[in-house]
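Participant: Single-letter residue listing:
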Amino acid sequence: MQIILNGRPVVTEATELAGLLREQQIDITVVACAVNGQFVAKSGYAALNLQEGMRVEVLSPMQGG
Amino acid sequence: MFYGTSLTSRCLLGTAGYPSPAILSAAIEASGTEVITVSLRREGAGGQAFRELLSQHSRHILPNTAGCHTVKEAVTTAYMARELFNTRWIKLEVIGHTDSLQPDPFALVEAAKILCAEGFQVFPYTTEDRIVGEKLLAAGCQVLMPWGAPIGSGQGLNNLRGLQALRAAFPEVPMIIDAGIGAPSHATQAMEMGFDGILLNTAVAKARDPVAMAQAFGQAISAGHTAYQAGLMMQRDMAEPSTPLFGLANLS
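As they're listed, the protein sequences go chains V and U. For this note's numbering, add 133 to where a residue sits in the first sequence, where the first one is 1. For this note's numbering, add 7 to where a residue sits in the second sequence, where the first one is 1.
You may find that some hints are simply not true.
[As the list claims (entries may be wrong)] Facing chain U, according to a computed beta carbon distance under 7 Å, are these residues of chain V, among others: (1) Gln135; (2) Asn139; (3) Thr148; (4) Ala151; (5) Gly170; (6) Leu192; (7) Pro194; (8) Gly197.
[Claimed, not checked] Dumping the calculated SDA-like pairs for lysine to any residue here, alpha-carbon to alpha-carbon at most 25 Å: (9) V:Lys175 - U:Lys142; (10) U:Lys79 - V:Val168; (11) U:Lys142 - U:His104; (12) U:Lys120 - U:Gly103; (13) V:Lys175 - U:Leu60; (14) U:Lys120 - V:Ala167; (15) U:Lys79 - U:Pro157.
Source of the hints: derived by calculation from the structure; they are not laboratory data. Note that CB positions come from ideal geometry on N, CA and C, so glycine has one too.
Make a model of the complete structure from these sequences and hints.
Facilitator: Written as structure tokens, this is what we have:
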């Protein structure tokens, strides 16, 4: 299925968020996630089922004022 | 001082816009700051280097919700920041206007209510408006961060009377001037007025020599605070000789 990861369309074999992050080789210790604008805690990655067109944001610490 | 955390330095430093990570690193040291602000963004170039820099400097991290224009965006960002940085602190920005980056006070108060109820320790970026301040305190905020001037403008304290009135209205509430500071003298002025800290970024990051400017701000903030504690003299309309008249010779 296709989802939107950080604004880019991504075709994935994964069925849940944890699988998507593994597939994308994202180190989950240095990111936080939101799906369709809602925060998803790390403990919820395995249980969050992906759906076509879902908007997934994976954010990292960056410079800020 | 801020939510039970006492700090030696009253300078809070932003981490954006420096010429290089090495200069940012040196500026953090030179300013003496114990609190640095960070944002949450999609991973970009230099993400790994920035994480290493954060782990090298054992400073308190104050994550921001910069760029958020709605309550939902700000609240979601705050949750993400709490998990990622393992802190209850959040610098709450809900921007109302793209050009002025002026806070949206209505959305700010609403987001502050939600986050305080969820156990966050909210540092709200607000205006000098006293009523907004009251509502933020009622929402559970224990710190206020009024702006000096629009973010990144370097104009200093645009509404001196308004800031004085806010300071006087809530003498027990820790207040940090956040945004608009352009020169160390602006920071000193705010500290002399009894503000408890200064949060700045651009004035240091965009200086010709950010490290030296960071040091200058650290000193200016410290000087202003010491002056406030020492108690400034009252201004007078007329001159008054500082040298005693008693014992003056008659040399006419």
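Participant: Does each hint hold? Answer for all of them.
Facilitator: Comparing the hints with the structure gives:
no.: 1; hint: Gln135; result: violated (18 Å)
no.: 2; hint: Asn139; result: holds (4 Å)
no.: 3; hint: Thr148; result: violated (23 Å)
no.: 4; hint: Ala151; result: violated (15 Å)
no.: 5; hint: Gly170; result: holds (6 Å)
no.: 6; hint: Leu192; result: holds (4 Å)
no.: 7; hint: Pro194; result: holds (5 Å)
no.: 8; hint: Gly197; result: holds (3 Å)
no.: 9; hint: V:Lys175 - U:Lys142; result: violated (33 Å)
no.: 10; hint: U:Lys79 - V:Val168; result: holds (13 Å)
no.: 11; hint: U:Lys142 - U:His104; result: holds (21 Å)
no.: 12; hint: U:Lys120 - U:Gly103; result: holds (18 Å)
no.: 13; hint: V:Lys175 - U:Leu60; result: holds (24 Å)
no.: 14; hint: U:Lys120 - V:Ala167; result: holds (21 Å)
no.: 15; hint: U:Lys79 - U:Pro157; result: holds (23 Å)
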